[in-house]
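Mapping to numbering that gives the first Met the number 0: the sequence shown position 55 is 54, numbers consecutive.
In case anyone wonders, no lab produced these hints; they're calculated from the structure.
Mixed in with the good hints, there may be bad ones.
What the hints assert, rightly or not - Derived lysine-lysine pairs resembling DSS-like cross-links, with alpha carbons at most 25 angstroms apart: (1) 62 - 74; (2) 53 - 19; (3) 62 - 19.
What the hints assert, rightly or not - Quick list of the computed label-pair ranges, beta carbon to beta carbon: (4) 19 - 82: 24 to 32 angstroms; (5) 53 - 33: 47 to 55 angstroms; (6) 50 - 27: 33 to 41 angstroms; (7) 57 - 35: 44 to 52 angstroms.
All C-beta atoms, glycine included, are put in the ideal place defined by N, C-alpha and C.
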Amino acid sequence: MTRADVGSEFAFDVTAGGMKVAGWGFTIVPVEDPAGGCTVMHWWDDHRNPIIAKITGIALGVKDREAHNRANMGKTLDALAAAV
Numbered sequence: 000m001t002r003a004d005v006g007s008e009f010a011f012d013v014t015a016g017g018m019k020v021a022g023w024g025f026t027i028v029p030v031e032d033p034a035g036g037c038t039v040m041h042w043w044d045d046h047r048n049p050i051i052a053k054i055t056g057i058a059l060g061v062k063d064r065e066a067h068n069r070a071n072m073g074k075t076l077d078a079l080a081a082a083v
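With these hints in hand, go ahead and build the complete structure from the sequences.
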């Protein structure tokens, strides 16, 4: 885990075979609303070498990693909103 600030941020790094793969995280910002609530932002940083990224993308059948991750991040945020 790289960061854990209760109520404001949670982040972690992913490695494979000793190589950095990605950083993932959630940033939580309170909204100014008498009823309370917050905005949750989900982020991802690709830490792979571009050549390795291309090879692993072909091997895993993911041609556009950024689009693939953004679609799944949207699903994660939708599930989180439904849970709260």
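Verification of the supplied hints:
1. 62 - 74: holds (19 angstroms)
2. 53 - 19: The hint holds at about 15 angstroms.
3. 62 - 19: holds (20 angstroms)
4. 19 - 82: 24 to 32 angstroms: Since residue 19 and residue 82 have Cβ atoms about 30 angstroms apart, the given range 24 to 32 angstroms holds.
5. 53 - 33: 47 to 55 angstroms: holds (50 angstroms)
6. 50 - 27: 33 to 41 angstroms: holds (35 angstroms)
7. 57 - 35: 44 to 52 angstroms: Check passed, 46 angstroms falls within 44 to 52 angstroms.
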